[in-house]
Amino acid sequence: MLTLNLDRPPDKNTVLRASPEGKAVVSREQTYSQLTVWLLAVRNQRDRAAFGEMFDYLAPRLKGFVIRCGARPALAEEIVQDVMLTIWRKAAMFDPHKAQASAWIYQIARNRHIDIVRKENRPVPDELGEAPGTEPDASQILALEQETLHLKQAIEQLQPDQKEMIEKAYIGDLTHQEISTQTGLPLGTVKSRIRLGLGRLRKELKGLR
Amino acid sequence: MPAITHHIPDPMIAAYAAGSLPHAFSMVVASHLSLCRDCQAALGAHQAVGGALLEETAGVAMSLDAKSNLMAQLDRPAAPEPVYDSKGIYPGPVMQSLKGQPPRWKTLGMGVKQNILFEDDFGSARLLYIPAGQAVPDHSHNGLELTLVLQGSFSDETGRFGVGDVEIGDETLEHTPVADAGDPCICLAATDAPLRFKAFMPRLLQPLFRI
Chain A
212 MLTLNLDRPP DKNTVLRASP EGKAVVSREQ TYSQLTVWLL AVRNQRDRAA
262 FGEMFDYLAP RLKGFVIRCG ARPALAEEIV QDVMLTIWRK AAMFDPHKAQ
312 ASAWIYQIAR NRHIDIVRKE NRPVPDELGE APGTEPDASQ ILALEQETLH
362 LKQAIEQLQP DQKEMIEKAY IGDLTHQEIS TQTGLPLGTV KSRIRLGLGR
412 LRKELKGLR
Chain B
449 MPAITHHIPD PMIAAYAAGS LPHAFSMVVA SHLSLCRDCQ AALGAHQAVG
499 GALLEETAGV AMSLDAKSNL MAQLDRPAAP EPVYDSKGIY PGPVMQSLKG
549 QPPRWKTLGM GVKQNILFED DFGSARLLYI PAGQAVPDHS HNGLELTLVL
599 QGSFSDETGR FGVGDVEIGD ETLEHTPVAD AGDPCICLAA TDAPLRFKAF
649 MPRLLQPLFR I
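Which chain is which? The protein sequence lines are A and B, in order.
Counting from 212, one number per residue, gives the positions in the first sequence under the working numbering.
Counting from 449, one number per residue, gives the positions in the second sequence under the working numbering.
It should be emphasised that the hints constitute simulated quantities derived from the structure, not laboratory data.
Treat the hints with care, as some may be off.
Unchecked claim - Just so you have them, the derived chain B footprint on chain A, three or more residues with Cβ under 8 angstroms:
#1 248–255
#2 288–302
#3 326–333
To be verified - Coverage of chain A stretches by chain B, computed from C-beta distances (three or more under 8 angstroms per stretch; other residues unrestricted):
#4 263–270
#5 276–285
#6 305–314
#7 352–364
#8 371–380
Even for Gly, the Cβ is constructed at its ideal location relative to N, Cα and C.
Chain B with its partners taken away, still in its complex shape:
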């Protein structure tokens, strides 16, 4: 287990427990939690609050046949559900998104590659592959961006991020992450808005590359 220094903020763990995060962010939170005992304990605390509130919720009567209907279903076999375990550097939630397959990288130039995992109206999540010494182009953010390191490490103006660390960027963060020497840096990045690249790629091309 790596020594993680940059964690998911507590309110975001509470929002994950309550299910009020966009799916793309839930992927990053669940992936970080797969690597971090501390944050899993924090999740447990929030689940306990939820459980206490659930137990004191005023009951609403179920319909009369609900119980017998349910009891009759207990012996019915459950539809098989695919279970995706962690594989190599990829935690279970990433493998679930990849449907158990290895990433299918698309080149973005300068050795940087990506694999878009998920996209909806509320955000997107992707895997990023950045060769050692290579900068992820200088960019600022329209909204919130979470970046979880899965392999290697990167550094920027705010510090160094190794395996399991999460960097949280918002409108106020303008940074130039550079992959450190060693293994290529592979990250899971989620955002609730398109990233604005200042260099490296004209803004007009952004829709094309879906960055």
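Only chain A is shown next, with the shape it has when bound in the complex:
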């Protein structure tokens, strides 16, 4: 496993090295998710082996995900390849202080899917630097990773119907109107169920902090 110095500000010109023996040096670094470690190895060292491992983990999930978004399997595979290539090319833009690896990849997957299917360029917000006086540091990354873990646990604890609504809102290429048509539920119910689900999520997250 690579040992990465995450205290350094992200800089594509900075090459971070593994320790000579390739041993993990600082134990807290092991709490970074595997996805984050792969992505940083790709970002900092253009590490093909790490990218290959990331492909094995990510590509089937992305394919399942894109199919759930309504793509036929052949198109889904094309989109996955495009997403993986985008991850390779845009890795320099990944900043673990700002976004969890899975969140960053989720947005790339949605954007590429939409760009390919609708043949348009999604408008993407400008990057905002840190607020004046805030220094990025590794504890921020850890806090974000912790939050992700809590979020996953909170999602697991949702009632099946709430979870289904959340999945439809974030995975399906569906507006509320379309969800309502599909499930036969009146619009008010759909919205209140999404709200209930998100409210519960927030509460769970608060309780875990």
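For this one, chain A is given, so just place chain B on it according to the hints.
Just chain B now, kept in the frame of chain A:
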């Protein structure tokens, strides 16, 4: 960074993350997010939910040669993609829509000007230029309208909107926005239906001006 008081509602940020907003609304949301750290943080939270759901999605096997095909492409140079940075008052998403050029204003009368940026079956987005003290004609809405202030400010029955603020109008909002004193007010406005003007321009002329 201006003090923004009127933000994008959270569910709309979630819909933006998921890509389920019409393109015209995505332009306004992305432009507001370009000016607002709070809403960018909210977007991050929704992306995290999406990421968590992505990671727990059951995998579907890729075809056997997919990985080797992909690895072979890594060294291929990417086709150059134009990148549009913010310029002056216009955030990146607006500059992208303008293809890096300054707006080409078309006069609507009374000093009010517009530049239509985008139009499809699901909505339209335009830049509006309103001289200080000038009212945007009293209008009501067929559908949803998002108005983001990029320069100056306007006020209406519901409050004052400065740079970065977004006003959200729907069927229930009948208002008369007036540009405040000072710089001309420039807004990015998106709607999912044609605006109905009650005064200022006969309805029959609306298709002509595409308002």
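Comparing the hints with the structure gives:
Proximity of the segment 248–255 of chain A to chain B, defined as three or more residues with a beta carbon under 8 angstroms from a beta carbon of that chain, is not established by the 0 residues found. Coverage of the segment 288–302 of chain A by chain B holds in this model, with 7 residues showing a Cβ closer than 8 angstroms to a Cβ of that chain against a need of three. With 4 residues having a Cβ less than 8 angstroms from any Cβ of chain B, the segment 326–333 of chain A passes the three-residue criterion, so the hint holds. Check on the segment 263–270 of chain A: 4 of its residues sit with their Cβ under 8 angstroms from a Cβ of chain B, so the three-residue criterion for coverage holds.
Chain B is given as covering the segment 276–285 of chain A, and this holds because 4 residues of the stretch bring a CB closer than 8 angstroms to a CB of that chain, at least three being needed. Coverage of the segment 305–314 of chain A by chain B holds [criterion: at least 3 residues with CB-CB distance below 8 angstroms; count 6]. Residue count for the segment 352–364 of chain A with a Cβ under 8 angstroms from a Cβ of chain B: 4. That meets the three needed, and the coverage hint holds. With 3 residues having a Cβ less than 8 angstroms from any Cβ of chain B, the segment 371–380 of chain A passes the three-residue criterion, so the hint holds.
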